[in-house]
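Hints in hand, dock the two standalone chains.
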Amino acid sequence: MCLGIPGQITEITDINQKLAIVSVGGVKRQVNIACIVNEQHPAESCVGDWVLVHVGFAMNRINEKEAAETLKLLEELAEAMG
Amino acid sequence: MKYVDEFREPQKAEALLHEIEKLCQILGKPIKLMEVCGGHTHSIFKYGIEEILPDTIELIHGPGCPVCVMPKGRLDDAIAISQNPNVIFTTFGDAMRVPGSTTTLLQARAQGADIRMVYSPLDSLQIARENPDKEIVFFALGFETTAPSTAFTILQAASAKIHNFSMFSNHVLVIPALKALLDNRDLQLDGFIGPGHVSMVIGTDPYQFISQQYHKPIVISGFEPLDIFQSIWMLLQQLVENRCEVENQYNRIVETQGNIVAIEAINEVFTVRENFDWRGLGEIPNSGLKIRTKYAQFDAELKFTIPNLKVADHKACKCGEILKGVLKPWECKVFGTACTPETPIGTCMVSSEGACAAYYKYGRLSKVAKKNIPEISQITISQEPLPACGNSR
Ligand code: SF4
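Chains A and B, in that order, are what the protein sequence lines are. With the first letter of the first sequence counted as 1, position 43 gets the number 42 in numbering that gives the first Met the number 0; the numbers rise by one all the way through. With the first letter of the second sequence counted as 1, position 135 gets the number 134 in numbering that gives the first Met the number 0; the numbers rise by one all the way through.
If we strip away everything but chain B, and leave its shape as in the complex, we get (with noise of 0.2 Å):
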């Protein structure tokens, strides 16, 4: 396939890597990047990128995973709007399994809730538009990506009066997480992995933050082998020359100033919160957006009264620390025994971009093994694929 084929080519990765390991030894110390990217850290799993660099480079898996972030109170409230009898309730499938307090919406469906999967929220539209009678609800979650796709079919269904129709807003910001971790003191850093499709609709210039007052560079980077490589190697030409700039690896997608017509779409249709919970992080101040009054008809937390409770994080569970990368999954005392991806306590492990889940299916033996971890031989690893998810699906 175009566009991606080339950038899995072998010979070139040998060589990526052949000039990462030069940078390596010239540095002469161990350094830690964080991919803050869920996508990329799926990546990174599954082409082994991080077993093949060298052991002084440590890949840290941050908060980008927009599935491992929602905090059980709101999945309790999705499944609450679920369960009006006149509703049908569409999510992308990566929703289904993310546990809520009690249950999932896999679960509520299976008791009755009229829940379905799509691929898009216009198919959602669609739905309301062959079900006049029913109220559809669209749970819109996920970063700048795929923001503007929500803020574009609220924009088509107002323009179509199509009134059965409205979004429970998750939608998540990257910039305001990224300044959470940053001023986190747990974390030490060397660099950034920067998300490629969220820069595609942002650009670059809102990261200058992070090289500006926190002095780490940081490179936007595409999402096959030869990207991620490429970007470590950007990276470490910044830390041997201590340069801490905004580099853009995948420029062939992300301009400096983003898409213009996709931002204007989401501020048009959404506004920042104040505050909204992350699971693990915390609350985090203008990181979440919620629909304008102007489109307040499609806005579900105002059509239906919802529990909007918060409720606290299993007390096994580190998925808080794994996203700020204090610890690793196998340091989670309940990994792989009592939270698997088919039992998953926390998100990390629902998804296949969350690093529990990743470690459980792709898990690093020799990298592990170096460690000394004596968890891991209990752990049977499967060799099947990853649900895809996103757009692969």
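In isolation and in its complexed conformation, chain A is listed as follows (with noise of 0.2 Å):
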């Protein structure tokens, strides 16, 4: 029940109503945008975000710096394995 989905935002449909379209593995659908937008992050600048979507909402932006992070602390110890 708890599943979310990666995707990207690539366009903005209603502001008022917080709607916009996401990109989920190169299938688009409309998702609510409401627990992502604030002051700081306006909805007219969420196009390009990384979200995770459950149930057709924008749960939270992926830190693409922390994921980086991660992703680069996980080869180094394959590395080191050889």
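Hint data in this document are derived by calculation from the structure and do not stem from the laboratory. Among the hints, erroneous ones may be present.
Cross-link-like lysine-lysine pairs, in silico, DSS-like; alpha carbons within 30 Å at most [unchecked claim]: (1) Lys293(B) x Lys133(B); (2) Lys1(B) x Lys64(A); (3) Lys71(A) x Lys31(B); (4) Lys71(A) x Lys45(B); (5) Lys133(B) x Lys1(B); (6) Lys45(B) x Lys27(A); (7) Lys1(B) x Lys71(A); (8) Lys1(B) x Lys27(A); (9) Lys64(A) x Lys45(B).
And the structure:
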């Protein structure tokens, strides 16, 4: 029930209703972005953001820097093993 | 797919497994880790994670499947609401086959009730807009992960003044359930794999009591195989170093403070119930969410008459013990015989996130064989994938 899928916001379709189009593995879906907008991140600034989609809502932004760091650590671990 | 495929790479998994094995040797004793979230249970079985971990690590599949913990009485209430002639009852697909005391939503639909599966609570609100002469009810269930979406839907219904829409709230909270589990003496655990998407909403601080009062480590984890391996590795490091802390493996999604906008929406719309009955676990104080009086017009419990009865679980069903990690699914007498995903007796067999359904579908033969479980040989293990749930629908 708690599953979520990563997707990238490609377009804001309705600023008042906070609706956007997200591409999830190439498939476009409409999602609500109310959970990820605030004063620092108005709806207009969300295009290009990676988000986690759950039941029709973008629940959180994906922190791309943290993702890269996690992967780098795992990469190093794999290299060390040969 | 970005942020999915790179967390499934076999080479990295192998490296992690190697580290895990080293730490298990240093520890030199068997340990039990509980994955709290049903999403983790699902991934663990889907990728055969339990099977390739060292034998000294036992995974206990916890209560984090909101469908599995839904008591029969609440299902009966949902079915009763759906039987009002003017009602369109809407629900996530996960709830359709959950047995109430006599029937399921699926059966109620076959008998004529207008029950529709939706992907999002917003779809349900849309149905309300399109059917002004009907009453549309949404079966709101799920943990803190899903509660923001239903809260925002109610806020939208309120601002758009949609009066033919309401929700039957069965949201449950993870932290009180964890407290109840930790207070249970039957349970011997060495650490927790923490729920990633619940934590994306509530943050990591609410788990501090686990390390501070109960002295157990917890690592908040993502759902891909590498996430789970890395979390187990981090837990083992804590155990080896004699630490018990709240750590966050899933920091690409989970922030310490959680999602403040989402928390505010939950608090605006919902208030905590004094008690909520969990299937298998019984009543847990402060563990459910109900709609605040301010939004009473959207509360299906007030709009409709519901039986509101407590119904005891099926005598044979061991879901409670399984959710607590006291028993394994195959230790239930009816597992795979009277109780199968087609004819579930308990909810652990209904949802693909339930331990019984997971063992049934992906039955880990070798692990089970090692434990000399005769019954498993009588069970046919289906190879076809589980029906997707939640957002993967
Ligand atoms: S096998 Fe069925 S009856 Fe037994 S514990 Fe699991 S869900 Fe309950």
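Results of checking the hints against the structure:
1. As the CA atoms of lysine 293(B) and lysine 133(B) are separated by approximately 23 Å, the hinted pair is consistent with the 30 Å bound.
2. For a cut-off of 30 Å, the pair hint linking lysine 1(B) to lysine 64(A) stands: about 14 Å separates their Cα positions.
3. Between lysine 71(A) and lysine 31(B), the direct Cα distance comes to roughly 29 Å. Compliance with the 30 Å bound is thereby established for this hinted pair.
4. Straight-line distance between C-alpha atoms of lysine 71(A) and lysine 45(B) comes to about 25 Å, which keeps the hinted pair within the 30 Å bound.
5. A threshold of 30 Å between alpha carbons decides the hint, and for lysine 133(B) with lysine 1(B) the separation of about 42 Å lies outside it, so the pair is violated.
6. Proximity of lysine 45(B) to lysine 27(A) is assessed by CA-CA distance (about 26 Å); at most 30 Å being required, the pair is judged to hold.
7. For the suggested pair lysine 1(B) and lysine 71(A), the alpha carbons sit about 15 Å apart, so the restraint of at most 30 Å is met.
8. For the given pair, lysine 1(B) sits about 15 Å from lysine 27(A) by alpha-carbon distance, which is consistent with the 30 Å threshold.
9. A threshold of 30 Å between alpha carbons decides the hint, and for lysine 64(A) with lysine 45(B) the separation of about 28 Å falls inside it, so the pair holds.
The earlier numbered hint that this structure contradicts is number 5, and it is the only one.
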